Structures are given as C-alpha cells and as structure tokens.
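Undergrad: So the chains spell out like this:
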Amino acid sequence: MRRLDFKEASELIKAVDAELEALLSAVWDQAPKACQRDLCFFLARYPYTHFVFKDGKALAPDGKPLAQDLLVAGRLPVGLILDNSLEVIDEIIRNEEVIEFPQALLFKNQLIGLWELIDEQLQVEGRPTRNETISSGSRSLKFLEFPTQEVKWNRLRARYRHLSTHHKESVRKLKEIDLIEMISEIDQKSKQWVTQVLYFSASWFAELQRQLAER
Amino acid sequence: MRYNDDQLTDALTEWGGDSNAARCKAAYLLLRYSLQVLSQRRPCFGLADSIHPNLGPLDTLKEELLQVARLNPTILGPMYLHAGQVGFLSLSQLVPSAFEQSPEDSLENIFKIISRARDAAVKRNVAVPGLDNLPGLFSRLRFRVRTGRQRQKGRHGSVLTFKVDCSQSGAGTFPRRSIPIEAFYEPTFSAVNLPPSDSRFFRVAMKLDLRESINIPEY
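Residue numbers (our numbering), protein chains in the order written: chain A, 1 to 215; chain B, 1001 to 1219.
No lab work stands behind these hints, which were simulated from the structure alone.
Since the model is a prediction, treat every value here as computed from it, not as a measurement.
Don't be surprised by glycine CBs; every beta carbon is placed ideally from N, CA and C.
Watch out, some of these pointers could steer you wrong.
Stated by the list, open to error - Below are the DSS-like pairs computed for lysine-lysine, each with C-alpha atoms no more than 30 Å apart in a straight line:
1) A/K54 x B/K1062
2) A/K173 x B/K1062
3) A/K168 x A/K152
4) A/K54 x A/K108
5) A/K152 x B/K1062
6) A/K173 x A/K152
7) A/K191 x B/K1062
8) A/K54 x A/K191
9) A/K175 x B/K1163
10) A/K191 x A/K168
11) B/K1062 x A/K175
12) A/K7 x A/K64
13) A/K189 x A/K175
14) A/K173 x B/K1112
15) A/K175 x A/K191
16) A/K175 x A/K64
17) B/K1123 x B/K1112
18) A/K168 x A/K189
19) B/K1123 x B/K1163
20) B/K1163 x B/K1112
21) A/K152 x A/K175
22) A/K189 x B/K1062
23) A/K189 x A/K173
24) B/K1062 x A/K108
25) A/K7 x A/K33
26) A/K189 x A/K54
27) A/K175 x A/K54
28) A/K57 x A/K14
29) A/K33 x A/K14
30) A/K168 x B/K1062
Unchecked claim - Computed spacing ranges between beta-carbons, pair by pair:
31) B/R1176 x A/P65: 46 to 56 Å
32) B/R1124 x A/R127: 27 to 37 Å
33) A/K64 x B/R1124: 52 to 62 Å
Stated by the list, open to error - To give an idea of the interface, some chain A residues facing chain B are shown, with a C-beta separation under 10 Å as derived from the structure:
34) D83
35) I99
36) F101
37) L105
38) F107
39) S136
40) R139
Build the full structure now, drawing on both the sequences and the hints.
TA: What follows is the structure in structure tokens.
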C-alpha cells in the first residue's frame, strides 16, 4: 500500500468524484498546518479475486489484516473505489460445499465503510456484526461452457501440464474460480488486473470532528 | 440482505408440504432472489463482456483458458437488471443439492411447495411477503431445465423451456406452457448461437425479464 499526501491523492479523487474532492479540499484548507501532513491516504491495489473483506475482516492486498489505524468505523476502514469493481459475496455452505453467489456490486466512485462510519459517529446502538466477504472483481464469473468433458480438459492439460488427469466427478465439482486458481499461469496473469481503493487515514475523521465542533 | 428466519421461510417450510430442506431452500431463493433482482436490489447474470467490462480479466480468461480448451468464449457475470433488460439466475448452481437427481421433477416439487404455501396463506388470510403477488412475479419468469424424460428431436432435444401460470389458487401446482428455446434465450443469445444443451449454468435456470413495466413490489 502506498501512502499519498492530499496533494497527490486529490487528482485521483477529482477524477472519480469532483464534489468529494472539493469537500475534502475545504477540510484540508481549514486544518492546522501541523495536522495537514496526517490528512493522507493509502492506495491499495487489490489483484483480481483477492479479498478486500473476508468474513467481515478488512484485509490488505497481500491478504494480511489491514493496518489498525485505518479501521476508523469500528473494525472497518473508509475507502473510495477508484476503478473497476468489488463484488459482495454471499457464502452459502451446502453439503460441505461453499457456494459463492453475488449479493451486490460496488463500482468506481462508491465509498466503502461510509454507512458504518455514520453509525459510528451517531453512536447507533445494536449495530449488526459485519460479516461481509468482498472481493476484487467478480469471483462469481460463469463460463457458458466448462471443460467438463475429457477431450476439453485434455486440451487444457496439453498447455498446462501440471493440471491433474481428468476425473469426471472432481471436474464436475470445480467452479470457475477454482479452475482459474488451479492454473498458476492464468492465475498469475489474471492478477495483473486490479481494483484500486483509496483508504482515508484516521486523521481525516478526527479533523472533521474537530472542525464540526468548532462551528 | 439476509432473511433466514423471515415469514416467507416459515410459510414455505411449514405449509409447503415438503420435508426436503434443500427443495424448501430452493423455493425460498427462487422467490426471494427473483423479487430482489426484479426490484434491482440484487444482481443476476448477463453477458459480462458487453455490460460490465470491469468485472475481471475477461480477455485473459477467454484467450488463456476458453480458447485453449476450444470452449464457447462467452462469460456470464453479475449485473443489476435495469428496465428493458433480461438476465438469468442458475437455481442449480445456487442450490445444487436440490437438483442432484431428476432436475425436472425437483423443479416441479419446488413449484408445489410455493403453490401449497400460497394456498395455505390465502386460506388462513395471512399476508406473506413474497407469496402475495405470484402472478405478477411469474409473468416475468421463464424456466429452463435439462430433462432426460421428455426428449424431443433437435440439438436441444433434452431441454425444456417453459413459463408457468399461477393465476389460479388451489390447483396444487402451476400449469406450464412450453415456449420455444429461442424465446428463452432472446435477446441475449441469437437463435444460431444458443448456449450448449449441457451448459452447467443453465441446467436449471430462470430468465428474469424487465422488458415491460409491471409493478413488482420490493421486499
């Protein structure tokens, strides 16, 4: 994750939401000089299929827990989606099989963690425990045709030698995402595709509170 | 969006007359998901490349995987359904255990669960969200199921495509009316380029249609 000061980040923000950039700029201008350097952002680039949240826990692009000082709304960060998309997944377990089904899509210029932040600021009681799983891009993509048949599987295996020999039942149970992750060449190449999220530092919300209190 | 213990679940499991948990779940999801898709609160599936090119590395998957195995290059992805559009949901992928054997019979049993629950709710004069406007909902749905029973001639001979009429209560199930396979897929797929008959996604699938304005209440 790369730290960006406001001047660096403002162009990125303006490109996706000019109104938000203008509002942040007003907050930044009114902040004491000594505090302005803390009003920064962290740019996270999540490769395709990497989790942004897993079972409600915020993750960095490398899969490790997100830095504690970015968790501003309870246990959640506030971030702006700069491009591509995130997919909210419903994980359903049936017969010990995990089914990932899309519940919602989040696109460029949407803020994640905003409602949770508002709840936090308003000290709303009885807030639900967050258990979302959110990924970079869609893990739920479906191929119209799947290499279930042996002849089609073997064509793949001719190119990707480390694939196992065709086993009808095993291939039937495979999902698209499993197949993508099984073939390391495709997995690596597909991870060049990223969704960028710009996280706000906690200082933004402390400063915002300070300015609101002064009014 | 989790409704595990709501009125609709209770009505389907208690009044649906079927003790099979997977089929009750499938009946619930058929109603709940289709209502949410039609009221634009949940995505369904459409062609990923033309509608949302920002869902993933589609070109890599096509070139490095689908072309290598010489498979149909079409990728389906989640999308919100807007007025004038159609989309699909795969019931057999959502609840595989409900359709492991005889998918056509399983789907029929799911319709029976819904029908019995609706009739019981009417009899008891109880309003159950999700069961109170079935004709409006089902007018927007078409079904496609692989079947080994009603074989017909042709490339898609073992596939049934139909709509159901649930305007009459007390019938025990819903009368079906067959529709041409092309009508199930149009306008997403052309008549000369239909999905393969053994498509996993379409094993038991629904087409959701927002091309005409019918009022679908939100739940």
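Undergrad: Determine for every hint whether it applies to the structure shown.
TA: For each hint, the structure was consulted:
| no. | hint | result |
| --- | --- | --- |
| 1 | A/K54 x B/K1062 | holds (28 Å) |
| 2 | A/K173 x B/K1062 | holds (21 Å) |
| 3 | A/K168 x A/K152 | holds (12 Å) |
| 4 | A/K54 x A/K108 | holds (20 Å) |
| 5 | A/K152 x B/K1062 | holds (14 Å) |
| 6 | A/K173 x A/K152 | holds (16 Å) |
| 7 | A/K191 x B/K1062 | holds (15 Å) |
| 8 | A/K54 x A/K191 | holds (18 Å) |
| 9 | A/K175 x B/K1163 | holds (29 Å) |
| 10 | A/K191 x A/K168 | holds (28 Å) |
| 11 | B/K1062 x A/K175 | holds (16 Å) |
| 12 | A/K7 x A/K64 | holds (28 Å) |
| 13 | A/K189 x A/K175 | holds (19 Å) |
| 14 | A/K173 x B/K1112 | holds (29 Å) |
| 15 | A/K175 x A/K191 | holds (18 Å) |
| 16 | A/K175 x A/K64 | holds (25 Å) |
| 17 | B/K1123 x B/K1112 | holds (16 Å) |
| 18 | A/K168 x A/K189 | holds (27 Å) |
| 19 | B/K1123 x B/K1163 | holds (26 Å) |
| 20 | B/K1163 x B/K1112 | holds (15 Å) |
| 21 | A/K152 x A/K175 | holds (16 Å) |
| 22 | A/K189 x B/K1062 | holds (12 Å) |
| 23 | A/K189 x A/K173 | holds (24 Å) |
| 24 | B/K1062 x A/K108 | holds (24 Å) |
| 25 | A/K7 x A/K33 | holds (14 Å) |
| 26 | A/K189 x A/K54 | holds (23 Å) |
| 27 | A/K175 x A/K54 | holds (19 Å) |
| 28 | A/K57 x A/K14 | holds (29 Å) |
| 29 | A/K33 x A/K14 | holds (22 Å) |
| 30 | A/K168 x B/K1062 | holds (23 Å) |
| 31 | B/R1176 x A/P65: 46 to 56 Å | holds (52 Å) |
| 32 | B/R1124 x A/R127: 27 to 37 Å | holds (36 Å) |
| 33 | A/K64 x B/R1124: 52 to 62 Å | holds (54 Å) |
| 34 | D83 | holds (7 Å) |
| 35 | I99 | holds (7 Å) |
| 36 | F101 | holds (6 Å) |
| 37 | L105 | holds (6 Å) |
| 38 | F107 | holds (7 Å) |
| 39 | S136 | holds (9 Å) |
| 40 | R139 | holds (8 Å) |
The structure meets every hint from the earlier list without exception.
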